[in-house]
Amino acid sequence: MATKKFIYLNRRSSFGTVYAIESLEVVLIAAAFEQDVSLAFIDDGVYQIVEGQNADGIGMKNFSKTFHALGDYDINKLYVSAESLEERGLSADDLMPLVYEDEDDDWVEKPSIKVVSNVKLSKIMSEQDVCLSF
Amino acid sequence: MLHTVNKSSFERNSLKSCLNTIDDTSVILLIEDGVISAAKNTNASMIADLAAQGRVYALQGDVEARGISSKLADNIKLVDYAGFVDLVVEHGTAVSWV
Amino acid sequence: MKISIQINEGPYQHQASDTAYQFAKAAIKKGHEIFRVFFYHDGVNNASRFTLPPQDDRNVVNQWAKLGIKNVDGEPELVVCIAAALRRGMLDESEASKNGIDANNIHPAFRISGLGQLIEAGIQSDRLVVFGD
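Protein chains in written order, with the numbering used here: chain A, 691 to 824; chain B, 31 to 128; chain C, 0 to 132.
Simulated from the structure, these hints should not be mistaken for laboratory data.
Simulated pairs of lysine-lysine, DSSO-like, Cα-Cα distance not exceeding 27 Å:
#  : chain 1 : residue 1 : chain 2 : residue 2
1  : A       : K767      : B       : K46
2  : B       : K46       : A       : K810
3  : A       : K804      : A       : K767
4  : A       : K804      : B       : K46
5  : C       : K1        : A       : K694
6  : B       : K107      : C       : K1
7  : B       : K37       : A       : K810
8  : B       : K37       : A       : K813
9  : A       : K755      : A       : K804
10 : A       : K694      : C       : K29
11 : C       : K28       : B       : K107
12 : C       : K69       : A       : K694
13 : B       : K46       : A       : K695
14 : A       : K751      : C       : K97
15 : A       : K695      : C       : K1
16 : B       : K107      : C       : K29
Reference excerpt, derived from the structure (chain C facing chain A, CB under 7 Å, subset only):
#  : residue
17 : H40
18 : I122
19 : L127
Every residue gets a Cβ at the ideal spot worked out from N, C-alpha and C, and that includes glycine.
Hey, can you work out the whole structure from these sequences and the hints?
Below, the structure is given as C-alpha cells:
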C-alpha cells in the first residue's frame with residue numbers, strides 16, 4: 691500500500707467536546723496502516739497534551755495517558771504551535787514528557803513533542819497529503 | 031493547499047489560525063458562517079491582502095443565504111459548489127479549519 | 000479524481016452535512032468519483048433511518064441515500080464509524096443482535112465499519128475533505 695503523509699489537526703481541548711478523544715482513536719488506528727503520521731496541536735488543542743490532567747472531578751475518562759503509548763506505535767511527530775502555547779501562558783515544560791525510542795539511533799529515547807513556530811508549522815502542513823481536522 | 035474556513039471570525043478564531051499558518055501559495059475558501067468574514071466593514075480587513083492577490087474565495091450559496099451579496103469586500107471571488115470542487119482538485123491537500 | 004469526505008456533525012444542528020452533500024453532488028456531476036463518505040463524531044446521526052423532518056424541509060438522510068454512493072461490489076460507501084455509532088445509539092442489525100438490543104436504526108444506504116475505513120479513504124483517494132463544526 692502506498693505511503694502518504696497524514697497530519698491530524700487538533701485545535702480543541704480534551705474534555706469540552708468529544709473531538710480530542712475521538713481524534714486520538716483515529717491516530718491509534720492509523721498506526722496500523724504504516725503511513726507517515728504527524729499530529730499538530732494548535733489553539734486550545736495544546737491543552738490535550740498538558741501534563742497533570744485529572745478528570746476525576748468531572749466523571750469522564752482521562753485519556754491523556756494514552757498519548758504516552760504513541761511512541762510505541764512509531765507516532766513520534768507531535769508538532770505544537772509555539773505561539774498557541776505562549777498565548778495561553780504555557781511553555782514546553784508544561785507538556786507531558788512524551789518520548790519514543792529511535793530505532794535508527796540505537797533505540798535512544800527522544801522527545802516526540804516538537805514546539806515549532808507557526809511559520810515552521812505552515813511548512814510542515816504544506817508537505818502533507820491528507821489533513822484530518824478534529 | 032486549499033484552506034476552508036467555516037466559522038465567523040466574530041465567533042471563533044478559525045480564520046486567524048488559518049492565516050497564521052497559511053503558506054505563500056495556498057488559497058482560502060470561506061464557507062458556511064465563514065463567509066461573514068467576507069463582508070465589507072467587518073473583519074474582512076484580515077484577509078484584504080490575500081484577497082488582493084486573488085487568493086480568497088467565498089461560497090456563493092452561503093453568501094446569498096446570509097444576505098451579504100451586496101456587501102462583499104473587494105477582491106473576494108465567488109464560487110458555486112462546482113467551483114468548490116474545482117478548488118479542491120486544483121489546490122492539492124484540503125485543510126479544514128473546523 | 001477520487002474524492003473522499005469526512006463529516007463530523009449530525010444533520011440539522013450544523014450545516015456541515017448539507018455543505019458536504021452539495022459538494023458531493025457537484026463533484027459527481029463534474030465526473031469525479033466519491034470514493035467514500037465517512038461519518039464520524041456526531042456525524043453518525045446522518046445515518047438514522049428514523050428521521051422525520053417536516054415536509055417543507057430537506058431530508059438530509061434521504062439526500063445522502065439518493066446519491067447512491069457505492070463501490071464496485073455494490074456495497075454502500077456511506078460509512079458510519081462503528082465506535083462513534085455504538086456510543087451514540089446508532090446500530091445496524093448485526094450490532095443490535097450482538098448486543099441484545101431489540102431494534103436497529105441504520106439506513107440501508109449506509110453501512111457501519113471501523114475507523115480504518117477513514118484512513119483507507121485517505122490513502123486511496125486523491126483528496127479528502129473534512130466538513131464539521
